[in-house]
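Peer 1: Now for the letters of each chain:
Number of protein chains: 2
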Amino acid sequence: MRFSSKVKKCGLSPMRKFHPYAVAAKAAGKRIYHLNIGQPDIATPSQYFEAVRNFHQPVLAYSESPGMPALIEAILKYYEKHGMRFTQEEVLITTGGSEALQIVFNCVLDNGDEIIIPEPFYPNYNTMVNTCGAVIRPIPTSPEDGYFYADRARIEAAINERTRAIMCTNPGNPTGTVLTPEEMRMMVDVAKEHDLFLIGDEAYREFVYEENEPLRSMGEFEDAAENVVIIDTVSKRFSACGARIGCIISRNRELIGEALKYCQARLAVATLDQIASAALYDVGPEYFAAVKEEYRLRRDTVVAKLREIPGVICECPRGAFYLMAALPVDDADAFQQWLLTDFDDNGDTVMFAPGEPFYATPGKGKNEIRIAYVLKQQDLERAMDLLAKGIEAYNRR
Amino acid sequence: MRFSSKVKKCGLSPMRKFHPYAVAAKAAGKRIYHLNIGQPDIATPSQYFEAVRNFHQPVLAYSESPGMPALIEAILKYYEKHGMRFTQEEVLITTGGSEALQIVFNCVLDNGDEIIIPEPFYPNYNTMVNTCGAVIRPIPTSPEDGYFYADRARIEAAINERTRAIMCTNPGNPTGTVLTPEEMRMMVDVAKEHDLFLIGDEAYREFVYEENEPLRSMGEFEDAAENVVIIDTVSKRFSACGARIGCIISRNRELIGEALKYCQARLAVATLDQIASAALYDVGPEYFAAVKEEYRLRRDTVVAKLREIPGVICECPRGAFYLMAALPVDDADAFQQWLLTDFDDNGDTVMFAPGEPFYATPGKGKNEIRIAYVLKQQDLERAMDLLAKGIEAYNRR
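Respectively, the protein sequence lines represent chains C and Y. For the first sequence, counting from 1, position 247 maps to 293 in our numbering; every step adds exactly one. For the second sequence, counting from 1, position 30 maps to 76 in our numbering; every step adds exactly one.
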């Protein structure tokens with residue numbers, strides 16, 4: 047049987063190949079510290095579960111295709127609190143940020159079109175762009191300059207007649223980079239001047255570690271109403287990844303109208319998860335303050351520990367709960383496998399995400415890794431010690 | 047801003063245009079009997095809500111990309127009870143049957159490819175096929191022969207070098223037609239002989255109204271392991287449309303491998319809904335017996351009432367909870383609008399789904415309607431009386 051050329055261009059998760067080795071290591075009694083996945087360990091606010099328990103309708107019916115009004119209202123209020131005004135008609139609820147991305151890409155990307163994305167980037171963008179028959183044009187960055195990409199000349203050099211959109215993951219996954227307000231303005235201006243969509247994937251918006259810095263969003267730029275599309279989700283904001291609730295927000299009503307076609311074709315988003323996600327927006331600022339402080343401490347731990355390892359290149363990231371670093375190893379992928387098969391320290395080893403799959407440019411990222419600092423402080427310290435010992439032993443072998 | 051040619055080919059829900067008229071009619075004090083939507087009124091089994099209330103983990107985490115093992119196990123047992131054996135690796139959990147369809151279409155349909163679908167068909171197939179850049183090749187049917195399509199010559203006449211798959215919605219939405227075992231065998235044989243996927247959308251599998259007839263599924267045909275793909279969902283089976291839990295089932299491991307790429311790219315299906323849907327599979331046969339009996343009575347009421355209306359053409363459908371009928375009106379769409387704006391009987395009126403959007407062939411279905419018999423017996427009788435009075439008044443006006 048023949049399969050579509052689009053799916054053939056996509057790949058399975060690059061982490062998948064480590065799974066059997068991880069299983070074998072665990073079976074052999076090793077304990078693995080996981081720095082490889084972006085699943086936060088922070089408790090989901092109880093409001094979620096209370097709302098679910100308080101649902102007492104007899105029929106679990108389809109909700110509205112654009113999303114439940116109560117959830118949209120809660121989201122609008124959240125944005126208003128942060129100085130951004132949107133109307134009910136400018137929001138579409140989706141099954142996670144993932145579906146929001148898929149729908150927006152399908153609306154704006156045709157076969158052969160290009161979307162500009164700074165690299166390294168979230169690898170699932172590959173599958174989503176391939177599905178549209180489109181191509182990712184990366185903006186190159188390097189670990190040496192902290193994965194900085196917000197340079198007008200570099201972005202404009204990537205624009206051609208097939209370019210339809212610029213993707214801006216801010217704060218960045220996997221890099222943790224955060225744009226300054228001036229850099230955001232510049233990105234918006236480039237999009238406006240070249241008639242491009244500016245897709246802001248802002249899943250990690252809350253996770254910026256400067257003191258007293260207000261939340262930032264591409265949604266602030268009302269003068270770019272036609273260009274800006276925001277991808278949002280409750281997954282990281284409320285540590286509710288399993289809710290699969292996200293949304294598309296845009297003042298471009300034509301875009302929303304096109305996206306609604308896809309929302310109607312898949313009928314609706316899960317009813318209970320929408321009701322419960324609306325309740326999440328009731329959590330107070332003390333929740334975010336505590337979560338931010340926790341992650342800030344973890345980031346500082348990881349960065350401090352990394353800087354003690356000779357040969358590691360790593361800037362201190364300003365946001366998200368990831369960082370990329372270049373290691374003094376020949377091949378991070380081979381190193382990861384070796385950590386599972388040939389290394390342990392008192393029965394412990396460590397997993398991270400090798401860097402290559404985060405790049406579109408072949409060969410880049412070979413000695414880089416992504417670390418997700420989603421472990422408790424003590425485990426994180428141990429994990430970083432294991433990484434240091436692993437590097438030393440690997441290069442000595 | 048420019049949008050993709052694929053989304054431009056898609057349409058918004060054809061029912062949408064009636065929305066303002068329905069709102070106005072309600073505002074004017076009219077009561078509308080809704081025969082236009084497939085949202086069952088049957089209570090969702092309490093097992094669902096109990097499972098949700100019994101969830102006590104602190105973090106609502108991502109589930110596994112292929113689906114939660116407990117839900118897959120429950121589904122495997124259900125199939126085994128009906129004489130079909132699948133393994134854990136042959137099932138992928140999806141966000142409703144809708145996502146299952148989208149993923150399978152993306153796996154098998156390339157730009158310019160064709161998929162054969164008997165018409166009238168579920169209109170959302172249009173958006174899903176358009177998104178792949180592919181084309182629906184309809185198998186024509188007619189109300190006069192009860193929308194019969196399972197004719198080998200007619201199906202083979204639609205096959206050409208671009209054909210990749212045959213879609214078989216069985217029981218049918220919108221027609222309620224149900225294939226005989228011999229017809230199913232023939233469809234499978236055609237798919238095998240021509241190296242085509244046979245996609246069985248079996249959302250309504252439980253809803254077949256003959257006494258003591260065993261459940262049928264394309265999954266029975268183990269000799270067509272490479273060809274058969276089943277689209278399944280808890281939506282109608284358990285009256286749990288708002289759960290958005292479906293699955294892809296196939297013995298074609300290569301297909302499952304390709305589909306897994308999409309499952310990984312969107313990370314996971316909602317966690318609570320999966321846990322709760324697994325619990326749904328604990329409901330006993332008495333649940334299905336009662337639901338079937340209720341729908342059978344409703345179907346009989348609708349068919350009997352329709353046959354009293356002069357000029358209506360309607361075969362008694364054997365399954366699902368829909369039927370198509372040809373009305374003695376010039377234009378079912380104009381008639382629907384008139385029912386909302388110009389008609390009432392003691393303040394009551396009725397809505398159905400006009401037939402044209404269910405067809406791919408232009409101009410077909412103009413005097414047809416789809417009725418969803420998802421109302422209680424008494425309301426259904428009143429709705430059918432309103433339809434009869436409406437037709438008479440419309441043709442007299």
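Keep in mind that a hint or two might mislead.
Note: identical chains are not told apart, hence a pair may lie in one copy or across any two.
To be verified - The list that follows gives simulated cross-link-like pairs (lysine to any residue, SDA-like), each with its CA atoms no further than 25 Å apart:
1. Lys72 x Phe49
2. Lys76 x Arg443
3. Lys55 x Glu160
4. Lys338 x Gln423
In short, the hints are calculated from the structure, not lab data.
Peer 1: Could you run down the list of hints and mark each one as holding or not?
Peer 2: Verification of the hints:
For a Cα distance limit of 25 Å, the shortest separation of Lys72 from Phe49 qualifies neither inside one copy, at 36 Å, nor across copies, at 49 Å. When the C-alpha separation of Lys76 and Arg443 is checked against a cutoff of 25 Å, the pair qualifies only within one copy, where the shortest distance is 20 Å, while the shortest distance between copies is 82 Å. Taking CA atoms no more than 25 Å apart as the test, Lys55 paired with Glu160 passes in both settings, with 15 Å inside one copy and 20 Å between copies. Taking the shortest alpha-carbon separations for Lys338 and Gln423, only the intra-copy value of 14 Å comes in at or below 25 Å, while the best inter-copy value is 56 Å.
Hint compliance for this structure: hint 1 is the single one not met.
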